[in-house]
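Engineer: Sequence:
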Amino acid sequence: MTDLISGLSESFAHSAVLTSTLVVAVAEIGDKTQLLSLLLTIRFRNKAAIVMGILCATLLNHALSAWLGVWLQEALQRWTEAHYIQWGLAAGFVLMALWVLIPDKEDDETNTHESWGAFLATCALFFVAEIGDKTQVATVLLGAEYSSVFWVTAGTTLGMLLANVPVIYFGERLMRRMPLHLARYLTSALFFILAITVIWAG
138 MTDLISGLSE
148 SFAHSAVLTS
158 TLVVAVAEIG
168 DKTQLLSLLL
178 TIRFRNKAAI
188 VMGILCATLL
198 NHALSAWLGV
208 WLQEALQRWT
218 EAHYIQWGLA
228 AGFVLMALWV
238 LIPDKEDDET
248 NTHESWGAFL
258 ATCALFFVAE
268 IGDKTQVATV
278 LLGAEYSSVF
288 WVTAGTTLGM
298 LLANVPVIYF
308 GERLMRRMPL
318 HLARYLTSAL
328 FFILAITVIW
338 AG
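Residues 138 to 339 (the working numbering) are what the sequence shown spells out, left to right.
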């Protein structure tokens with residue numbers, strides 16, 4: 138019995154991490170924070186500091202976002218019937234599927250933070266850029282879906298790094314070769330699949 142519970146727990150953790158990683162990694166392609174990564178590499182030479190800045194900013198922002206998702210899910214459970222929460226989550230994923238089809242615009246704010254150095258500038262800019270961003274909203278929804286701050290944050294942070302670290306080290310050449318329209322369609326399809334999964338699981 139203990140082995141069964143342990144196996145189910147591991148399966149849940151893997152599912153939360155893999156889904157969160159995949160969703161954010163694909164959603165980040167062409168996103169404004171990925172464009173911000175490119176701008177930061179132009180402004181600063183210390184690429185390792187930029188990576189660490191992204192890591193710290195993402196951990197903080199996405200941990201708060203995942204916690205909000207878990208809190209909302211638990212609060213709604215106390216006041217709302219389960220099927221309403223299920224349909225609400227599904228609707229949220231469908232809205233995300235439509236939102237990601239709208240391309241982001243480059244937002245050059247790095248010039249006002251150059252004196253901070255690569256690490257602090259990246260931390261501040263990424264944290265602010267993530268507020269209200271697609272990946273933050275996705276993290277809230279994933280937190281509500283999996284009810285796990287730790288595993289969702291781990292997955293979304295890994296996804297953020299997978300999408301941004303290559304841009305930091307390979308820069309504009311990589312961005313030019315990325316099929317951004319295809320990435321948006323794939324991301325949209327992922328969110329639609331998540332919406333269907335939520336409804337099916339219910």
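Hint data in this document are derived by calculation from the structure and do not stem from the laboratory. None of the values given here were measured: they were computed from a predicted structure. Among the hints, erroneous ones may be present.
[To be verified] Cβ-Cβ distance ranges computed for the label pairs, FRET-style:
(1) A212 / L238: 23 to 33 Å
(2) W337 / L257: 17 to 27 Å
(3) L205 / T334: 20 to 30 Å
Quick reminder that beta carbons are idealized off the backbone N, C-alpha and C, glycines included.
Engineer: Do L205 and T334 keep their Cβ atoms within the hinted range of 20 to 30 Å?
Structural biologist: holds (21 Å)
Engineer: W337 and L257, beta-carbon distance inside 17 to 27 Å?
Structural biologist: Given a distance of about 45 Å, which is not inside 17 to 27 Å, the answer is violated.
Engineer: Given the hint of 23 to 33 Å, is the C-beta distance from A212 to L238 inside that range or not?
Structural biologist: Once the Cβ atoms are compared, 30 Å apart, the range 23 to 33 Å for L238 and A212 holds.
Taken one by one, the earlier hints fail for this structure only at number 2.
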